[in-house]
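Protein sequence lines, in the order shown, are assigned to chains A and B.
Each residue of the first sequence is one higher than the last, beginning at 0 in numbering that gives the first Met the number 0.
Each residue of the second sequence is one higher than the last, beginning at 0 in numbering that gives the first Met the number 0.
The hints are simulated quantities; they were obtained by calculation from the structure and are not laboratory data.
All clues stand as given, with none of them false.
Subject to a maximum C-alpha distance of 27 angstroms in a straight line, what follows is the list of computed BS3-like cross-link-like pairs (lysine-lysine):
1) B:K133 to A:K159
2) B:K66 to A:K248
3) B:K154 to B:K133
4) B:K74 to B:K154
5) B:K133 to A:K304
6) B:K158 to B:K57
7) B:K57 to A:K248
8) B:K133 to B:K77
9) A:K195 to B:K147
10) B:K35 to A:K184
11) B:K150 to A:K304
12) B:K154 to A:K248
13) A:K248 to B:K91
14) A:K159 to B:K147
15) B:K150 to A:K159
16) B:K150 to A:K193
17) A:K195 to B:K150
18) B:K154 to A:K159
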Amino acid sequence: MRNVAIVGTGHTKFGVRTDVNLQELAWEAIRQALEEANLEQKDIQYFVVGNVGSWSAEELPAVVIGEYSDLVPKGTMRVEAACATGSAALRDAYLAIKSGEVDIALAVGVEQMHQSPNPQVVELIGRAGDYFWEFENFGLTFPGYYALYASAYMAKYGAKEEDLGKIAIKNHYYGARNPYAQFQKEITMEEYLKSKPVAYPLKLLDSSPITDGAAAVVLASEEVAKELTDSPVWIVSQGVASGTANLSKRSDFTHIDAAEIAAKEAYKRAKIEFENAWKYFDVAEVHDCFTIAEIMAYEDLGFAKRGEGYLLAREKQTYIGGKVPVNVDGGLKSKGHPIGATGISMAVSITRQLLDRAPKGTQADIKNGMGLTHNVGGTGHYAYVTIFSTRRPSS
Amino acid sequence: MMINDIRERLQQQISQLIIALDGIVKTTGMPIITDKSGNPLWVDVREITLRYQIPVKKIQKFFEGLKEGKVLATKCPKCNTIYFPPQDDCPKCKMSNLEWVEMPNEGELVAYTIINVKPPSFSHYSDYIIGIAKMANGVNITAWVNSKEVKIGMKVRLKVIRREPEGYITYELEPI
Ligand SMILES: [Zn+2]
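All chains, full assembly: derive it from the sequences and hints.
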């Protein structure tokens, strides 16, 4: 199997993007990625579109994006892995190159949630579990699913409301410095504590927003990557796992099993020790759709022991200069969470971090040249953990 | 409030929006509105209303059970796995036609939330508590918790009820 590298990245401004339609939004990211890679559409041999949709009008997003971006007649498909859709798109392009099927591929993630009114979006996302047994009868909302985790975690480990707030404050601190972020504004603990309840114990400031946005990456095989750039960022490994549709079928509501399994798989391939995982990474992007998700991510990734994730936040160990900087682009909380684009946005952030190209005030110290993304779809229905490095993988 | 009143209210909201849009089309010749940021938006003139039809033949006994006031699960006679929500296939043993067993009445709350921001289709209820309870047989159930006070570890009883205003039979958890 061949090595695969990222040779170009593209990222749009996240937020309410009613100034463009779905294909125009995707093109913003695709154009930037092509320009960075110094490639033309004819060089792209295969493209994948990550889009969850249902709130936006186009039923076949890969097709309209392919036409608008002049990628036709190259092969394509649309992929879905809920909030991990972007990572799934990246995976498909990565495997296409790794297997030797193509040499250059493009993965684009795009979501335009504002094509539908907010109440309808709440309705549609609530259905994203086991529809009949969770939504139809009991009206679980998406924040509601994570709130179930939060109440169980807080009861078991004694984490407080303020500990969740620490995550939101950190992510807003960095989002305020990211020109691509939806909310470029810091928040205080007082504002956090006073924010509107959404699904107890989660409040508005625990939650990532409804967002429009797109991100794209151009991937190339080792041979081609070396011709294209002096600074490829290699995909070292990726771990993938799934979880039950129905939350009640899980044995534990204080961590996300699929994420831990995906992390261990990615670490094993990269020869990383789970217990000391944080030592390997200069920077990480983890799935913080809700503050509790980031705390569980610290534990599922081996950055903190079970039940101690919230202490990492309390001690500011995930700021730049701490043990391991996490979500220093603002995370989903402040950068925004355009579901299908999120995973690729994470890959773009890590790539730019490793190349010392992050916006001022958000650049981590790059010592090992290694970064990680942790992207959870649904509430642990899908999980993708991907490891990136500036050093060429040995295998 | 009766279910028809709720439907009427929702339909009224929808038709008001459509009438407003018709007005815009009449004056400007196009269904284009301006959003908060001043961006022009074309509002779909075709609408879609969906109500899915979900086959329940394989678990019909579950609904018959509810009518008799029982919450039923299925049990595989070979590996003894209890399935709730019920399913008539045991994928582990590749067997079908499982046994029907009653879920225990008592359990313990392991997670809960109070839904404040509700989906529009639940907007006619006041804020509701959803809990996951581990029942005496070790199997979890998700349901509304009918209680003012709620705490992890709280003992709860599983009960069949008629949910108003829709008037359909379902189940809930209440403190013991
Ligand atoms: Zn069996």
